Amino acid sequence: MSARSSAVTRERFMQRHVIVSQERKKEGRKTRSKETIMKLNEKSVAHYATCNSPPDKTGFLFKKGERNTAYHRRWFILKGNMLFYFEERESREPIGVIVLEGCTVELCESESEEFAFAVKFDCVKARVYKMAAENQAAMESWVKALSRASFDYMRLVVKELERQLEEVQEEARSSQAKNKPKKHQPQVQGATFSLQNAAITGPSQEGVSSRENGVSWSKPTSVPNGVSEGCVWEGDFCGRGDGVKPPPVPPRRKTNGGSPESPVSPGTGCFSKLHEWYGKEVAELRIEWMQSK
Amino acid sequence: MRFNEKELVFLSRQPPERAAELGMRGPKKGDVVKRRLVKLIVNFLFYFRTDEDEPIGALLLEQCRVEREDDQVFSIVFLDEAERKYLFECDSQEQCVEWIDAVVKASYEFMRKNLIYYRTEIHRLTGKDPLEQYGISDETRFQVNSGLPPPPT
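Line by line, the protein sequences are chains A and B.
Positions 1 to 293 (UniProt numbering) are the ones given, in order, by the first sequence.
Positions 1 to 153 (UniProt numbering) are the ones given, in order, by the second sequence.
No lab work stands behind these hints: they were computed from the structure.
Remember, it's a predicted structure, so these values are computed and weren't measured experimentally.
All C-beta atoms in this analysis are idealised placements derived from N, C-alpha and C, irrespective of residue type, glycine included.
You may find that some hints are simply not true.
Here are the computed distance ranges between Cβ atoms for each label pair [as the list claims (entries may be wrong)]:
| id | chain 1 | residue 1 | chain 2 | residue 2 | range |
| --- | --- | --- | --- | --- | --- |
| 1 | A | T104 | B | P15 | 17 to 25 Å |
| 2 | A | N52 | B | K28 | 21 to 29 Å |
| 3 | B | R49 | A | R163 | 38 to 46 Å |
Isolated chain A, as found in the complex (with noise of 0.2 Å):
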């Protein structure tokens, strides 16, 4: 950009600042200190934080200040890629959110914080948020929680399973035609990093997140219809026969070419190797933990 045409651009964004500030005070609000450039729903998306879908993880965390580098305590809801935080956990509205992508979450030293851990991401002059949690489990399962939660991740999940549900309907499709009886299941293809998460997590730990934010997936008996009991299924896709369309193809990110494969890059378009990250990086902080304690 020139000289002349990002001082035009940064004069037109002081301008929608001044705009921003005086709707701001229109509405009751103090303008912060720090400019705000960019709009959002805000009401909106406090709403998402509200409503009635249920989120994916709720309690409290202690969480280091802007300004103030005290530490306080506040209720946090995880829901999707969005981390609300609010005052009290009976606050109607947040008071902020943190947007879950392209960042990463570590252990980090505290000096008055035990089990603290840190969210950053990967742009320039980016804050990084200090968070602490209240043990050890809770610290553990947050950290899980927050570097699976982004969209990135979950397309990834979809985009494996969708395929595997492919793979498992072609075999199906081609086993009836050869009219032959299946002699075994279709073999999913699976990971080998997998016993290395079971050691991480261990079913305590994984029972502990589960019971507190609802219904655990349980082994249908089976039933004609494949609906079973223990399971509400959602919307329309109950267990119907072959002839269901699968739903709609969930987007694929387009990425630069050449990026590098890393757990934060968008770029891995291998499940698997993905997953092998995930579990190793949470394999090294456990270790890390313990041997600094």
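Starting from the structure of chain A, add chain B where the hints point.
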């Protein structure tokens, strides 16, 4: 409500799912149609002045409804304020249909529903939970039904 603006602006610079110049009209009375560069990235719709690098604003696409308003026009409405419509004017019917499709699929909750469907179907056909091998079958976000409120801590 505070939000991590810098990081959102950084997100708006990532490769978009879809981007185009559209006519956009805000939801307030008196808002007029303006030409904007509209970018769809994860579950956000960013909109820019056509000659600027930094977005004017962003819309989080959760708890919203997308509707065809006209041959070439679609609207986005948020469920908490259903009277307020954001209008988008496309250059063709085809473009309009494509955008509607893309915006509908751009929500986290939509993806979650897909996942549950695939997980259920695979389990029904194979007897195996496809998430077990990755050690994530107990993850809350993949549950078939987590409609129960969390118990008090």
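Now for the hints, and whether the structure bears them out:
1. In this structure the supplied range 17 to 25 Å holds for T104 (chain A) paired with P15 (chain B), their Cβ-Cβ distance being about 20 Å.
2. The supplied range of 21 to 29 Å is met by N52 (chain A) and K28 (chain B), whose beta-carbon atoms lie about 28 Å from each other.
3. Evaluation of the 38 to 46 Å hint for R49 (chain B) and R163 (chain A) yields a pass: the beta carbon distance comes to about 40 Å.
The structure meets every hint from the earlier list without exception.
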